[in-house]
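Participant: Counting from 1, one number per residue, gives the positions in the sequence shown under this note's numbering.
Hints listed in this document are in silico derivations from the structure and should not be mistaken for laboratory results. Think of the CB as a built atom: it goes at the ideal place given N, C-alpha and C, for glycine as much as any other residue. Mixed in with the good hints there might be a few duds.
Claimed, not checked - Simulated DEER-style distance windows between Cβ atoms:
#: 1; residue 1: Asp26; residue 2: Gly53; range: 54 to 62 Å
#: 2; residue 1: Gly24; residue 2: Leu45; range: 28 to 36 Å
#: 3; residue 1: Ser77; residue 2: Ser2; range: 29 to 37 Å
#: 4; residue 1: Thr61; residue 2: Ser104; range: 18 to 26 Å
#: 5; residue 1: Ser104; residue 2: Val65; range: 32 to 40 Å
#: 6; residue 1: Asp103; residue 2: Thr61; range: 48 to 56 Å
#: 7; residue 1: Glu52; residue 2: Ala81; range: 30 to 38 Å
#: 8; residue 1: Gln22; residue 2: Asp103; range: 50 to 58 Å
#: 9; residue 1: Val75; residue 2: Glu52; range: 24 to 32 Å
#: 10; residue 1: Leu106; residue 2: Leu54; range: 18 to 26 Å
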Amino acid sequence: MSDFTDDLDDLETAEDFLRFFQVGYDQRVVNVNRLHILQRFHDYLSADTGLEGLDDEGTATRYRVHLERAYQDFVLSNAIAEKTFKVHKDEARKMADRFVPLDSLLGSPV
């Protein structure tokens, strides 16, 4: 196991990750979105097909980019709009299914 992997094993909170990767953050954003930030970070890492073969420094740089991007997603938006978790995606689908055109409420014109 590499030093980088050992260091990652010690990280527990969103703040731990943000500090470790030297990503500046607003505590208020993290307080509201910590799980969403970490889930989005995980999603970005899972989608990154270029991580294999990188040394610890290259991997750490790539991780930092993904964490910064994940954090910024929630600075600029919010958890409901970002639909990070399945529950949010399901709720968005339900809302779309509930759409009722205004014309149908007003009835047909006379």
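Participant: Each hint needs a verdict: does it hold in this structure or not?
Facilitator: Verification of the hints:
Checked against the given bound of 54 to 62 Å, the beta carbons of Asp26 and Gly53, roughly 35 Å apart, lie outside it. The hinted window of 28 to 36 Å between Gly24 and Leu45 is violated, with their beta carbons roughly 20 Å apart. As the Cβ distance of Ser77 to Ser2 is approximately 34 Å, the hint placing it in 29 to 37 Å holds. Take Thr61 and Ser104: their Cβ atoms lie about 54 Å apart, and the range 18 to 26 Å is violated.
For Ser104 and Val65, the hinted distance range of 32 to 40 Å is not satisfied, since their beta carbons lie about 47 Å from each other. The hinted window of 48 to 56 Å between Asp103 and Thr61 holds, with their beta carbons roughly 54 Å apart. Distance hint check: the CB atoms of Glu52 and Ala81 are about 33 Å apart, consistent with the given range 30 to 38 Å. About 55 Å separates the C-beta atoms of Gln22 and Asp103, a value consistent with the hinted range of 50 to 58 Å.
Taken as a hint, the range 24 to 32 Å holds for the pair Val75 and Glu52, whose Cβ atoms sit roughly 30 Å apart. Between Leu106 and Leu54 the beta carbons are some 60 Å apart, a value that contradicts the proposed interval 18 to 26 Å.
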